[in-house]
Structures are given as C-alpha cells and as structure tokens.
Amino acid sequence: MNAIHVNNLNFAYHRETILESISLTVTPKDFLSIIGPNGGGKSTLIKLILGLLIPQSGTIEIFGKNPKEGANLLSYVPQNTHTNSDFPITVLEVVLMGCLDGRCWGRYSFKQRQKAHEALKQVGMSEYANAKLSRLSGGQRQRVFIARALCMEAKMLLLDEPTASIDIDGQRQIFELLQSLNSKMGIIVVSHDINVVLGYANKIAHINRRLYMHDAPSAATKDAILTTLNNAQGHLCPVELIHAQTCNHPDHQGKS
Amino acid sequence: MIEALSYGFMQNALIAGLLVSIICGIIGSLVVVNRMVFIAGGIAHGAYGGIGAAFFLGLSPLFGATIFALLLGLIIAFLTLKDRGRIDSVIGTLWAFGMALGIILTDLTPGYNVDLMSYLFGSILSVPSGDLWIMGAIAGLIIVLIGGGFRSFQAMSFDPEFAALRGVHVKILHYTLIALIALCVVATIRVVGLVLVIALLSIPPYIAERISARLSHMMFLSTIIGMFFVLCGLSIAYMYDITSGAAIIMVASVGFFASQVFTRERN
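First to last, the sequence lines map onto chains A and B.
At position 36 of the first sequence (counting the first as 1) the number is 36 in the numbering used here, and the numbers step up by one without a gap.
At position 63 of the second sequence (counting the first as 1) the number is 1063 in the numbering used here, and the numbers step up by one without a gap.
Treat the hints with care, since some could be wrong.
[Said to hold, decoys possible] Simulated coverage check for chain A against chain B, where a stretch passes if three residues somewhere in it have a Cβ under 8 Å from a Cβ of chain B:
| id | stretch |
| --- | --- |
| 1 | 85-93 |
| 2 | 98-110 |
| 3 | 124-135 |
[Said to hold, decoys possible] Derived EDC-like pairs (lysine to aspartate or glutamate); straight-line CA-CA distance at most 20 Å:
| id | chain 1 | residue 1 | chain 2 | residue 2 |
| --- | --- | --- | --- | --- |
| 4 | A | Lys47 | B | Glu1209 |
| 5 | A | Lys155 | A | Glu69 |
| 6 | A | Lys184 | A | Glu153 |
| 7 | A | Lys115 | A | Glu69 |
| 8 | A | Lys47 | A | Glu20 |
| 9 | A | Lys68 | B | Glu1161 |
| 10 | A | Lys184 | A | Asp169 |
| 11 | B | Lys1171 | A | Asp30 |
| 12 | A | Lys155 | A | Asp223 |
| 13 | A | Lys155 | A | Glu20 |
| 14 | A | Lys132 | B | Glu1209 |
| 15 | A | Lys65 | A | Asp169 |
It is worth saying that the hints were derived from the structure and are not from the lab.
C-beta atoms are modelled at their ideal positions from N, C-alpha and C, and glycine is treated no differently.
Between the sequences and the hints, there should be enough to build the whole structure, so can you do that?
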C-alpha cells in the first residue's frame, strides 16, 4: 500500500500559484528527499500532506485516507525557526508533546512518560531528559524534535529542513539517525543541503512550482558523496557532486 | 512595622497583594512566554473605558470593567488569530480608545469626579473585604483552569502548529487565555491599578524565566518573586508614607535591573 499518494494537486495562496499539478507517490519504505529553491513550495507541500493547508484541487491520500483522518499516521518535525528558543521547557516535556492525544485535561500518564524516555533513548539523548531545551546545541535540539515525532508512533516521518543552521558534523549525525529509522518507517525530508541529502535518500523530488522526480544516485555515487562528506571539515564543495550526478530534470536537458 | 499588621486595612492589603501575586504569577508567565505583554497592556488600559461607562450608567465599576475588558480581549483574540501582521497598531488604538472613552464618560457624569490616578496606581491600602472574595474566586478559577489544562497550554505556547496537529484545540485555548488575562486585569485593577498589573504581569515572570527550566517552575517562582516585591513595596510605602502602588513598582523595577546585571555578570 502507498503511504502517501498525491494526485494532480494545485495550491494557490492569495491568487499566486504555489504548486501546480503535483503528483507524488511514496511508500512506507522510502527515504524521499525534497529539494528546490526557496519559495518553490517545498514546505507548502509538506503542510498540505499534513492537512495543515487545504488544496484548491487534486487529492491527497494518507494510507488510503484523507489527510484529516490519516493525520495520526504521520509524524512531523517542523522547521526549527518556529520554536521559541528561550522557552522554559525541559527536553522530556518537549518529547511528551508527541504523546498528546487530543485530551486537553489532566497530566501525562506513566505509560506516556515511558514512551518519551524510550524515544529519547532511540535518538541518543537520554542523559539530557531534564535539561532545559535552550541549553542544547542546534543538532541536539533537532534530535529532541525527532524523538518527539517518534512518540507519535506514526508510519511516516516528515521533516522540514532539519539541518538548517546546523554544523556539518551535526548534519551527518541527524541523517545517520534518519537512515537507521528508515528501517522502521518512511522518511520525507525537505532540505537545502543537497549534498547531504543525496547521500542518504532513495528518491529525490525537485519542487519549483512543479515537481520532478529524480533517479536516486547509484550506490557507488552515494559512497563517494558520503566519503566526501566525511572528509569535509566544515566546508563542502558542491561542484564535485554535480560531476557525480546525472540530472534528468527537463530544465537541465541538453545543458550537460 | 509589626504593629501595622494589627490594622484591618493592612491585613487586607497583604492578602490582596498575595492574591495578586498568585494571579499575575500564573497568567504573567503565560503572557511572557507567548509574547503577549502588549496585549495585556491594551486590555488593562482599555478597561478604563468600562469603568467610565459604569460610572456614566450608574453601575458597579468592577462590573463595567469586566464586561469591557472581556469585550476588548475578544476583539484582540479574534484579530491575533486572523492576522498577526499589524496587530500591535490595532492594540495601541484600542488601548488609547478605551482610556479616552473612560475619561470622557467620567467627565460627562454629573456630580461625581473619580481620580484617574487611583486607577493607574490603585489603592492597595483601601481594599474592601468584598473585593478580596472576588480576587480569591478569580485566583481559584485560574489555578483550576491552568492547572488542569497545563499540558495543553504548555503545548500551545511552545509550538501551536504542532499542538494543533496533535488535536489540541489551539484556538479555544487562545480565547481562554485572553479571557483569563481580562479577568486577571479586572481582579487587580481597582486594588493595585493598571500600571502595577502590567508590572506584576511582566517583571516577575521575566526574572523567573531565566532561572527556570520548566513553565510550571516559572509560574511558581514568579508568584514568589511577586509576593516579595509586594511585601517590600508595602513596607517602604508604610515607613516613608508614599504611594503604595508606585513603591511596589519601584521595588520590582530595581529587582528587574538587578537581575539583568546579575545574569550579565554570570554569563
């Protein structure tokens, strides 16, 4: 069964077309990465899939259901710019938010707390459970948000720019974590860091109003990219990767 | 100083101060983490319009302030959910409109001229026992609502989009919080004045936020800090015979600057 099936979707905001005839199919085993320019509609597509926005036309199915009913099958790590960095909240309290169940009254149960501790263990952040979130580094904070998403016990994990403004070492750790999670759940990640993404994804979608699927890089190319990443010390040259990739994007045909 | 405690008005002042600290400690923490200090200021000052209207119509000023503050809160809550872009200008307008309306209506009320100053800085030393009951009831309501729905309020304040995704009724909570701010303002306006409400809603939570790792600790700490400011301010006001509201704010402000210097030094 397809995890996410988007068919001929259109979305406009204040009469400006953001997404045009988008079709996309993702299975629960995929590691899809969505790339594209700023304002190209990447985050919008994620929000449409999550049911936070409603498309003008076209359909979205989440495991055969509409986005409202299928919402609990998806977990979500928002862009980290959204979070209020001075907020007095502990790591465990953030993760517990993933256990919220629509009941607005009362406290978290012992079972929910156990689940939150389990999720923290999975991302390697157990020792920080009682630390204040604002004391953590960007990379650590992002792992906490991934733990929060894991608490939702979903079949797909969606991440919106999880590595923005995180150093290259932290980026690699996050992608390695996502890769290990991919054995249990599908991953969709929006990212600017093309070079990192190419090394881990098995499907790549390029979105700039329209969507173009790209072939996943071969295993040899992935290895080459990862080696380059491992050797890079804070700086990575994308030119090497352009050589490693052949692109079938219609805009790029005939140029290379 | 001790013999002062034998006076009924002093006992009432202390109880009022402690109740205000609890109300403002809890609501103020939510106001500060949600960056709603300006909204709270708008409601507090705008509520003066309700006091003026109550005088003009011969109703109880507390009743007028409650209705008007809730009404203003409702408008502001609706606008903040709709469009955050220019909300500060709109609040500024409501703020000024409410005060102007209040002053004009008291001018038009024959034979009775209330002193605006007493509503700005309040008169904590002349709190009637009846007002203490109202404040106690509002404090109780706030403790029950925020205590019971704590995890929802926490989730809404920290990450509203994610909270909505997890089935938290973010819009209802937003309206509830603004209504509680309005009640908080009403509970304290006649007792300690508009300016002190804003000071107690923002200064203790701001100091507490920096040393708290949890929102619940922040609420508890700001309550304690607020009580300390009120007690110090009252003692100074009694000893030097100065306006109590202004004395409390002065102590709170000094506390604020001291905490700034202290945390700067530590970093």
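Now for the hints, and whether the structure bears them out:
1. 85-93: holds (count 6)
2. 98-110: holds (count 9)
3. 124-135: With 3 residues close enough to chain B, the hint holds.
4. Lys47/A - Glu1209/B: violated (32 Å)
5. Lys155/A - Glu69/A: holds (14 Å)
6. Lys184/A - Glu153/A: Holds, at roughly 11 Å.
7. Lys115/A - Glu69/A: Roughly 23 Å separates the two Cα atoms, so the pair is violated.
8. Lys47/A - Glu20/A: holds (15 Å)
9. Lys68/A - Glu1161/B: holds (15 Å)
10. Lys184/A - Asp169/A: violated (24 Å)
11. Lys1171/B - Asp30/A: Outside the cut-off at roughly 35 Å; violated.
12. Lys155/A - Asp223/A: Not OK: Lys155/A and Asp223/A at ~28 Å, beyond 20 Å, violated.
13. Lys155/A - Glu20/A: violated (27 Å)
14. Lys132/A - Glu1209/B: holds (11 Å)
15. Lys65/A - Asp169/A: violated (38 Å)
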